[in-house]
Structures are given as C-alpha cells and as structure tokens.
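J.: Below, each chain spelled out in residue letters.
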Amino acid sequence: MHASVAAVQFQPRKGEIEANLDRMAEIFGQLADEGLPDLIVFPEASTTGYFLEGAVYELARSAGEYAEALQQRWRSAVSGARSADVVIGFYERDAGTVYNSALYVTLGGERPAIRHVHRKLFLPTYGVFDEQRFVTRGRRIGVFETSHFPSAILICEDVWHSICPTIAALKGAQVMIVPSASPGRGISGPEIETITQWRNTLQGAASEHGVYAVYAGLVGFEGGKGFTGTSMIVAPDGRIVAAGQRFEECVVRATMDSDAINVARARLPFIGDLHDVLPDLLLDEELPVPRGGHLAR
Amino acid sequence: MKTAPLTTYRGEGILPPDPLAIDPALVESWLVRFIADELVRGRGMRTAVVGLSGGVDSAVTAYLCARALGPENVCCVRMPYRTSSKDSLDHAAMVIEALGCRERTIEITAAVDGYLQFEPDADGRRRGNVMARTRMLILFDLSQKYGGLPIGTGNKSERLLGYFTWHADDTPPLNPLGDLFKVQVWELARRLGVPSEIVEKAPSADLVVGQTDEGELGISYQKADPILAYLLMGYPPETLVREGFAPEEVRLVHHRVASTHWKRHLPTTAMLTNTAINEFYLRPVDY
Chain H
0 MHASVAAVQF QPRKGEIEAN LDRMAEIFGQ LADEGLPDLI VFPEASTTGY FLEGAVYELA
60 RSAGEYAEAL QQRWRSAVSG ARSADVVIGF YERDAGTVYN SALYVTLGGE RPAIRHVHRK
120 LFLPTYGVFD EQRFVTRGRR IGVFETSHFP SAILICEDVW HSICPTIAAL KGAQVMIVPS
180 ASPGRGISGP EIETITQWRN TLQGAASEHG VYAVYAGLVG FEGGKGFTGT SMIVAPDGRI
240 VAAGQRFEEC VVRATMDSDA INVARARLPF IGDLHDVLPD LLLDEELPVP RGGHLAR
Chain L
0 MKTAPLTTYR GEGILPPDPL AIDPALVESW LVRFIADELV RGRGMRTAVV GLSGGVDSAV
60 TAYLCARALG PENVCCVRMP YRTSSKDSLD HAAMVIEALG CRERTIEITA AVDGYLQFEP
120 DADGRRRGNV MARTRMLILF DLSQKYGGLP IGTGNKSERL LGYFTWHADD TPPLNPLGDL
180 FKVQVWELAR RLGVPSEIVE KAPSADLVVG QTDEGELGIS YQKADPILAY LLMGYPPETL
240 VREGFAPEEV RLVHHRVAST HWKRHLPTTA MLTNTAINEF YLRPVDY
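Chains as they are written, first to last, in numbering that gives the first Met the number 0: chain H, 0 to 296; chain L, 0 to 286.
Keep in mind that the hints were calculated from the coordinates and are not lab data.
You may find that some hints are simply not true.
[As the list claims (entries may be wrong)] Coverage of chain L stretches by chain H, computed from C-beta distances (three or more under 8 angstroms per stretch; other residues unrestricted): (1) 33-44; (2) 55-65.
[To be verified] No farther apart than 27 angstroms at their CA atoms in a straight line, the calculated lysine-lysine pairs in the BS3-like style are these: (3) Lys224(H) x Lys262(L); (4) Lys200(L) x Lys85(L); (5) Lys155(L) x Lys200(L); (6) Lys224(H) x Lys155(L); (7) Lys13(H) x Lys224(H); (8) Lys155(L) x Lys262(L).
[To be verified] Far from chain H, some chain L residues (derived; all Cβ distances over 12 angstroms): (9) Met93; (10) Leu141; (11) Thr170; (12) Gly177; (13) Asp178; (14) Ile218; (15) Ser219; (16) Pro246; (17) Glu247; (18) Thr272.
None of these values were measured; they are calculated from a predicted model.
We put the CB at the ideal spot given by N, CA and C, even for glycine.
Okay, chain H solo, but in the shape it has when bound:
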C-alpha cells in the first residue's frame, strides 16, 4: 500500500478565518493541478494564527463548522469527484470548552467525512507559551482508520513527550501526523536550535517505532515570534525524505509506502519488543499511574 502526502507550510493572517480558508482553497487548487495527494496536512492553528490570548474565545469554531467550510472550498477549487484527506490545526469550541485541536476530514465526497479530532494533550505554559491559561487539554491519543494507513495526530509539544508517539504506535498507528506552530529560538549556529531539536525528535520517534512522521509547521511572525516552518516527512527508518525551508510558505511532498514500514520494523523490531515488555513496565507499582481509581505514588 502507498499514499502520497503533502505538508503545507502555511502563514495564516491573524484572526482572519475566512481569508485563511480561501487561501487553503487556492492551495487545494494548486495541489489538484500538480497531482492531488491522498493526504494534505496544514499546521497547528492554521485558520487563525497561534498566539491569540483571549481572542481564542472569539475565534474558536466547532470541527463540524470547519468540515463544512473546507468541503465548500474544496468544491470550488477541485474539479470533478476527486477527494482527499485534509488535516487542519484549529482552535475548537465544543460545548463551551475550547481546545487546541486538529481535524482529520475526507473532502470531495457527498458530505465531508470527519475521521478524527485530536485535542492537544500537552499545552505548553512556560516562557513565551500560555496555552493552558486559555484552552483545555485533550485526554487521549486516538488511532483511527483512513483510506490508507492507520494514523494518529499529535500536536506540537505532544511529540516532545516520547510516550505519545509510543502510545500511538502501540495502538497501531503507522503514520504520525504532527501539525505544529514552533516559534524559533537559538542563534548560536547556522541552524536555528529549535529546528535541530525538531529534526532529532521526529527522526527519533519515527525510527524507534517504524512509523512515518508528517510534520507541517506554521510560518510567519506573530508579535516578534517567528514560526520556523521546516515541515518535513520522515520515513520509518528515520530518514528525512522531504523538507521545506525555514520561514517560507511551501508544500512538502512525499510518498508513504508500507514496504518502508515493513523493512524498518524488520530491521529494528522495537515496537514488537515493547508489546512484550509493556505489561511488566506498566505493572510497576512505583509508576505514578491510576490503579483502581486511585493515583498510585
């Protein structure tokens, strides 16, 4: 099995949801002209911009609203009955609660089909970040079926906690989709330090578990903070098979193939090993995990 993927390095206009959706439609059109991929991934907070503070309550929308809005744009931009899966990062409102979420939706059919909504678990609230002040965290990592590979979405800091890719892989994910908004820091060498950290993190997660990592990064400056982009697609052996430039809007494309997953997992059968060992690790009573309704120490 194989599937083509495009990570779109995107610079939204702050708070202008309609304009940003229209720009996504332009990109749908470009991708359709160039050869429609099976999966199109936009970054975290791609419909509004990332740093919203209290404006998040004005700008949060439901996943259903975005699914409909994207379907409408798809119809205007892509001719015929062609369809593809699209992931966008967005601020979600659901029953009065606001999340930093990503929507996975299949567009182009009669109705948009929502396959999954991931709510960011790890909300950075340190230094320049203030997410937990404004939004509520998600509670689980879901692995869901798509028209190609079983997939999981992890948003930005979710991936930095290595337990998240591990759980996704244990639950059967073969593709890890990572919408992100990473403000660059670190000027001591020719590459921005946070970009190097991202590469290491994604390559480590992909190669440890034998999964594809599809990373779509926001670009542009918001109040002096420059989002670095550097979208990339990492193969299950840890190789970066396609990557975009820092700071530039662009599209990063590659093909994902089950052979590559099989070969990588045969060479490093870590995920199989973990399946065997995991029960012992989780039964360790010193782990701070809930047991019988109580938090063990």
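Position chain L against the provided structure of chain H, taking the given hints into account.
T.: The following block gives chain L in isolation, referenced to the frame of chain H:
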C-alpha cells in the same frame, strides 16, 4: 607489571560554554525577515524611520531595514544637539552614504534649549533625557509624515542594564535588536559591513561631552554580557562567582538588572474591574 594509566576525559564546567555565540548570517536573515513581515505584511507599511546616532546599534538597524525594505524605503534621521560630537554626525553620514537611503538632518538644539531655558539648573541626566525624548518626538512625527514607523535600536544589554531613557529609546513599535547583547550586535555589524570606525569605537549615548557607556555603567559590555547571559538563563549570582566571575562585577550587573524591571514594562495601571486591559482583557499585539 604496572599498566599505563587510563586516559581521563573531563566534562565541561557547570556553565554552558559560549553563551554569546551567534551565527551572524542566520541572525541577519532572521531579522531581515522579521522587519519585512512585521512592518509590511503585519502593519501594511513600507517605510522605516531610523534615528541614526552614529553608533553601532542604529547603524545595524539601518542596514537591516535597507536589506528588508530597500534603501529607498528607509529614512535615516540625524538629530544633533549643539554639544553632540562631530564624529557622531560623520559616522551617521557614512551609513547613509553606504546604504543610499533617504536622509534628514534635524538639529534639536532649539527645541531642547527652548524647554531647558525654563530649567537652567537641569543636570546632565535630565538634559540627556530631554534630548532623547525630543528625538523620539521627531521620529514619530516623521513616521507619520512618511507613512512609516520608527524602528527601535535598543539592544538587550542596555535594556537589561536599564541604560536607556524610558519612553524614548524604547518606544518604537518594532525593535529588531532587542534580543541581542551588545557584543552580538558588534558581530552582526561586521557581518553586515558596517564601517569599522563605527564598530570599533567606544559606545556612547553622546548626550554629554566625553560620555561613554562603560564610564557610566562601570563595566564594559565584554565583561557584562556573559554575566547577563548566564543570569538570564537562571544561574544564580553565587554560581557565577564560584565559576570565576569577579564578585563586584556580578554584583553590579545583577543589581542593575534587578533594580530596573520597571523600565521594561508598560506603566502600572490601577486594576479595578474584571476587564482591566492587559490583566483580564488580553489580546495579542497583532490581532
């Protein structure tokens, strides 16, 4: 028979090495993009207005603006007072000539003295502040005239040491250099090709004849900047002393930072309601 001793590999000290290391090419490209993105895309303006003092900070700022916007969209303004050093004017002229940007020279003596005639006893510090605030008045007015924005020139060292005039040097809405220490600005200046006379001279606000930053601060930037860098990373002053920094220099720098937090903030507003601006009503600058 005794075997040869094992080779020992020793770890580095506690403090991370080279806290001030920069890649000047990376910083240049980052800041050029910052100016273009924040000024043109974010605020819909094309013109930068830069007050050129003849020093390295404003020279670097002008070079970055010229690269980001084209020299025709940069207006460099020289604002001498009657006691300003001739070198300051000449060095500013070198920048203008090298960049080929627009230029204005506006003598501030009449404006400054127009006020100070009523305060003849004002000391050097007050006079310097009046000059700095007069210059900012001009930069904002010219920005309105040219449909642009003033671009700040303050660096991280002087911001941390509180070595600037509040609501003067710190007021421009965009500041490319504010997260760079002075020694890093020097390195960036060399990369950009700023004339060496400007890069190598002793830094001075030139508000009083013979004034230098080092003379006023009591420490050079070469000595202060590593201390500042480590303090901001979170290393306590005692650790810096233990690792070999001079105690009196650490004390001086730490005191200056700790006593000037207020200068890095907006004015304190009395909070009376649940909708106090910037306390409860929180909106980002670009929204």
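J.: Compare the structure with each hint and give your call.
T.: Results for each hint:
Remark: the stretch 33-44 of chain L is confirmed as covered by chain H, as 5 of its residues place a Cβ nearer than 8 angstroms to a Cβ of that chain, reaching the required three. Coverage of the stretch 55-65 of chain L by chain H is violated [criterion: at least 3 residues with CB-CB distance below 8 angstroms; count 0]. A C-alpha spacing of about 22 angstroms is found between lysine 224(H) and lysine 262(L), which places the hinted pair at or below 27 angstroms, so the restraint holds. For a cut-off of 27 angstroms, the pair hint linking lysine 200(L) to lysine 85(L) stands: about 14 angstroms separates their Cα positions.
Between lysine 155(L) and lysine 200(L) the CA atoms are separated by roughly 19 angstroms; this keeps the pair inside 27 angstroms, and the hint holds. Note on lysine 224(H) and lysine 155(L): the hinted pairing holds, with a Cα-Cα distance of about 16 angstroms set against a maximum of 27 angstroms. A distance of roughly 13 angstroms separates the Cα atoms of lysine 13(H) and lysine 224(H); the hinted pair therefore holds under the 27 angstroms criterion. For the given pair, lysine 155(L) sits about 13 angstroms from lysine 262(L) by alpha-carbon distance, which is consistent with the 27 angstroms threshold.
Residue placement check: methionine 93(L) keeps its beta carbon more than 12 angstroms from all beta carbons of chain H (closest about 27 angstroms). With a closest Cβ-Cβ approach of about 23 angstroms to chain H, leucine 141(L) is found to remain outside the 12 angstroms limit, as its non-interface label requires. With a minimum CB-CB distance of about 15 angstroms to chain H, threonine 170(L) clears the 12 angstroms threshold, and the non-interface call stands. The claim that glycine 177(L) lies off the interface is violated: its Cβ sits roughly 8 angstroms from the closest Cβ of chain H, which falls inside the 12 angstroms cut-off.
Annotated as non-interface, aspartate 178(L) brings its C-beta within 12 angstroms of a C-beta of chain H; the closest such distance is 8 angstroms. The beta carbon of isoleucine 218(L) sits about 24 angstroms from the closest Cβ of chain H, which is more than 12 angstroms, so the claim that it is off the interface holds. The non-interface label for serine 219(L) is consistent with chain H: the shortest C-beta to C-beta separation is roughly 22 angstroms, beyond 12 angstroms. At roughly 28 angstroms from the closest C-beta of chain H, the C-beta of proline 246(L) stays outside 12 angstroms, upholding its exclusion from the interface.
Listed as outside the interface, glutamate 247(L) is consistent with that label: its C-beta sits roughly 29 angstroms from the nearest C-beta of chain H, beyond the 12 angstroms cut-off. The beta carbon of threonine 272(L) sits about 15 angstroms from the closest Cβ of chain H, which is more than 12 angstroms, so the claim that it is off the interface holds.
When each numbered hint is compared with the structure, violations occur for hints 2, 12 and 13.
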